[in-house]
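Protein chains in written order, with this note's numbering: chain W, 1 to 243; chain L, 244 to 321.
If you are wondering where the hints come from, they were derived from the structure by calculation, not from laboratory data.
Among the hints, erroneous ones may be present.
[Stated by the list, open to error] Only part of the chain L face toward chain W is listed, based on derived beta-carbon distances under 10 Å:
(1) ALA254
(2) GLY256
(3) TYR258
(4) ALA288
(5) ASP290
(6) ALA296
(7) ALA297
(8) VAL298
(9) VAL302
(10) ILE306
(11) HIS313
[Stated by the list, open to error] Which chain L residues stay away from chain W? Per the calculated CB distances, all over 12 Å, these:
(12) LEU265
(13) ALA274
(14) PRO289
(15) GLU319
[To be verified] Partial pick of chain L residues on the chain W-facing surface, computed with a CB cut under 8 Å:
(16) ILE293
(17) GLY301
(18) THR303
(19) TRP309
(20) ILE311
No residue lacks a Cβ here, since even glycine has one placed at the ideal position from N, Cα and C.
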Amino acid sequence: MKYINTAKQIIAILLVCLVVGVVIISEHSWPEGARDYLFAHAFEDTGATNTVSAIYLGYRAMDTLGETLVLLVAITGTMAILVNLGKDTIEEEAVHFCLPPEKRAKNALRTHLLEVVSSKLGPIVLLFGFYVMLYGHISPGGGFQGGVIVASSIVFLALGTETKSKLTNTVVLSRIEAIAFLALVLASISGVFFETGFFGNPIKPETDLSANFIILLNIIIGLKVGTSIATMCIAMMGGRHDL
Amino acid sequence: MNILILSLILALGIYALLCKDLLHSIIALSALSMLSALLFTMLRAPDVAITEAAVGAGVTTIIFVWAIRHTQRREEDS
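Can you make the complete structure from the sequences, with help from the hints?
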């Protein structure tokens with residue numbers, strides 16, 4: 001039995017060397033064609049100063065739609081499992097972070113340090129998330145990054161504050177998510193009516209306003225990603241199972 | 244400097260795999276994400292760094308800790 005394990009480890013190390021070694025030994029230079037093209041044309045084509053935003057919302061916006069769909073399916077599956085989990089072990093297992101103290105389960109770990117730090121930090125992180133989301137076409141960031149930061153700030157607020165707010169209510173969050181996905185589909189077909197094709201920019205290029213489509217897509221994707229991840233995290237912490 | 248951070252990342256990854264206490268593994272993975280974000284920033288990819296810091300160190304840590312609370316903390320010897 002020991003020999004088999006040793007043989008397995010040796011084979012694993014050999015395979016790792018096979019994969020990594022090719023990259024290290026190879027003297028083939030990195031491809032530069034796409035980089036030079038994007039550096040020259042990205043701003044004129046899409047209106048975004050940040051080239052990464054220009055790629056994933058301008059040239060390859062189709063991939064972004066696919067990624068959003070993947071996230072939607074993942075969240076749907078998680079919520080389906082969580083809702084069924086809540087039926088069997090409804091009150092004992094779920095750790096109610098979001099409830100007021102008298103309704104909370106006894107094993108919920110909430111210290112004063114956690115409450116003070118997360119409730120004070122939450123709004124600042126929320127503001128930073130919206131900054132990253134709204135300025136994704138100029139500075140580093142974008143819809144996905146800003147959305148995840150917004151989601152973590154909503155989790156902070158759910159951990160820190162005892163008062164019920166609509167921001168930490170999973171019903172409200174999942175409605176915002178659905179509306180954002182509908183808006184994304186509508187925005188994706190809007191280019192069809194302006195002769196730029198599916199996911200084309202409906203505003204004419206080489207004008208000052210052509211970055212507005214990127215900003216719109218960033219806001220929609222940010223709201224979608226942020227609310228869906230926040231819904232999942234709050235439902236996992238035992239917030240509310242009724243969807 | 245890059246080599247130092249990369250070897251730290253490798254060490255943290257190996258520790259997260261071999262450690263029997265899963266909570267320690269999660270903290271090691273979170274530290275690994277922060278180091279990766281630092282490395283991405285130094286390699287001038289701030290977009291990737293923001294994503295790595297928010298997803299790797301923030302959201303996945305919450306999800307993993309939740310999963311541990313509902314299963315068990317110690318890994319069993321097989």
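Cross-check of the supplied hints:
no.	hint	in the structure
1	ALA254	16 Å, violated
2	GLY256	13 Å, violated
3	TYR258	17 Å, violated
4	ALA288	8 Å, holds
5	ASP290	5 Å, holds
6	ALA296	9 Å, holds
7	ALA297	4 Å, holds
8	VAL298	5 Å, holds
9	VAL302	6 Å, holds
10	ILE306	7 Å, holds
11	HIS313	7 Å, holds
12	LEU265	17 Å, holds
13	ALA274	17 Å, holds
14	PRO289	4 Å, violated
15	GLU319	18 Å, holds
16	ILE293	4 Å, holds
17	GLY301	4 Å, holds
18	THR303	10 Å, violated
19	TRP309	5 Å, holds
20	ILE311	12 Å, violated
The structure fails hints 1, 2, 3, 14, 18, 20 (numbered hints given earlier, in ascending order).
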